[in-house]
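Colleague: The lines below spell out each chain.
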Amino acid sequence: MTNLRAENLCFEIEEEHILDGVSLDVASGETVAIVGPSGAGKSSLLRLLDRLDEPTGGTVYLDGTDYRTLDPEQLRKRVGLVPQDPALRSGTVRENVTIGPRLRGETVSEERLADILDAVGLAGYADRETSDLSGGEAQRVAIARTVVNDPEVILLDEPTASLDSAAEAEVERLLADLLASGERTAILVTHDERQAERLADRVARMRDGQIVDVGTPREVIT
Amino acid sequence: MALPDRLTDPVVIEGLFQVAAATALAAVVIGISSIRDLDLERELGGSFARGFVQVIAMGALIGALFTIPLAYSGLLLAAMVCYAAWESRKRGGGVPNAFRISVIALGVGSAVVIVTMVAAGAIERSVRNLVPVGGMIIANAMKTNSLTLDRFQGEIESNRDEIEAVLALGVPPERAISEFVTESVRASLIPVVDAMRTLGLVYIPGMMAGMILGGANPIYAAEYQFVIMGMIFAAGGLTSMTASLLLGRAAFTDAAQLRRFEATDPTLLATLRSALDR
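If you read the sequences in order, they're chains B and X.
Read in order, the letters of the first sequence are residues 1 to 222 in the numbering used here.
Read in order, the letters of the second sequence are residues 1001 to 1278 in the numbering used here.
By construction, these hints were calculated from the structure, which means they are not laboratory data.
The reader is advised that the hints may include incorrect statements.
The list that follows gives simulated cross-link-like pairs (lysine to any residue, SDA-like), each with its CA atoms no further than 25 angstroms apart [stated by the list, open to error]:
(1) X:K1090 - B:K77
(2) B:K77 - X:G1121
(3) B:K77 - X:E1162
Just a few of them, taken from the derived set where beta-carbon distance is under 8 angstroms, the chain X residues facing chain B [claimed, not checked]:
(4) G1170
(5) R1175
(6) A1256
From the three backbone atoms N, C-alpha and C, an ideal C-beta is built for every residue, glycine too.
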């Protein structure tokens, strides 16, 4: 079980402040949702938490360890990011779900693959081409691709933003199962405040690159 | 013949008509580009005019060039590599360190081939042989380097989301982009591979034809032409592979973050200075 603490994170691109002193404490097994308008810096924050971008100020502690002292590849294995756009590669579901371990030179057993596909509601999909998947199925493959690493912390960037309402409900059910066990620490970025209310233990509201409110869903979402 | 006499030589005047014909053809291409709104007129016209001025200047100076001591030809070839890298880097469209990578890639590709072939006796140890043949190898390696840069930049930019999705799984950066690097190398080598495939069937190079017309044994002329093509092939391959290796590294920070490609157009002096500072 892992806790994650962002401390005074800043991020600038060409002198434009994208994030301006963001601090956030996420306890082990907790799910925190981040809500706020477009351009508030929600996705940028997730990228920094996974160190896909380098903070221009502040840092992140993973179980008390400054993440800059960790090997970036090990860090990203422990902190998995599910991007907003699944960005699957052409090929089969199997190839996409196992791409992380495969490109690191590890193997995933057929049994484990079957378990993961079953968990994301894609049992029997291993040999399907990704080009034949619906938006909701592609998003579930993206979630499975991260879950196969068994990350201690999972970062979800608008997992249902591009889906129709039926697919959104399916993916949300999957997320509820994934997060409810409390086995993983999770940060969920969403534009849908009701979704935040349904899935998160706490909610942080962002505006103009800053966290302006943190609390229980009831306290933050009115 | 002094320079003014050379310029007024009847054959030069006659050559101008041929230049006019070639220019008319280029103008057709530029015209089509304009009609089709391809927005390539400046680049096409500029390169065509520049090529003309440069080759005529070289023609006027070449006699003097061949009188320099052999030892200086290495310096001249190094300068050619730097200038070719300077032109080629623009194809990288913001790829980090494109100039430095191009200098190294072109340097490695050309030097290995030139040194090997001089040692093997295929390139004569004389300025009049070393400089034109070396220049031809560098120019061809530059084409491959430009194609590598152009394709690499395009592949990475159009697959940025995919690459970062895989990086986010803890995949080492070189593995996350390996298929795009392979694609860049493959695409950059298409012209040399196709030239080799059609050599003698479609592509009957001028040098070989000239040697045969000059009375050389046709088989020897063909052998020599193959040697030339082999040099171009090897220099292109080595350049592309060196460039792709270095590009793959330059695309990431030390923390395995995919860099943003920001196109800049610094001056030659500023770029040389920053390359030397590193």
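Colleague: Work down the list of hints and note, for each, if the structure agrees.
Modeller: Results of checking the hints against the structure:
As the CA atoms of K1090 of chain X and K77 of chain B are separated by approximately 37 angstroms, the hinted pair breaks the 25 angstroms bound. Pair hint K77 of chain B plus G1121 of chain X does not hold up; C-alpha atoms about 55 angstroms apart against a cutoff of 25 angstroms. Between K77 of chain B and E1162 of chain X the alpha-carbon distance is near 17 angstroms, which keeps this suggested pair within the 25 angstroms criterion. Hint on G1170 of chain X holds. Least Cβ distance to chain B is approximately 4 angstroms, under the 8 angstroms limit.
Evaluation of the R1175 of chain X hint against chain B yields a held restraint, the C-beta minimum of about 4 angstroms falling below 8 angstroms. The closest approach between the C-beta of A1256 of chain X and any C-beta of chain B is roughly 4 angstroms, which is under the 8 angstroms cut-off, so the hint is satisfied.
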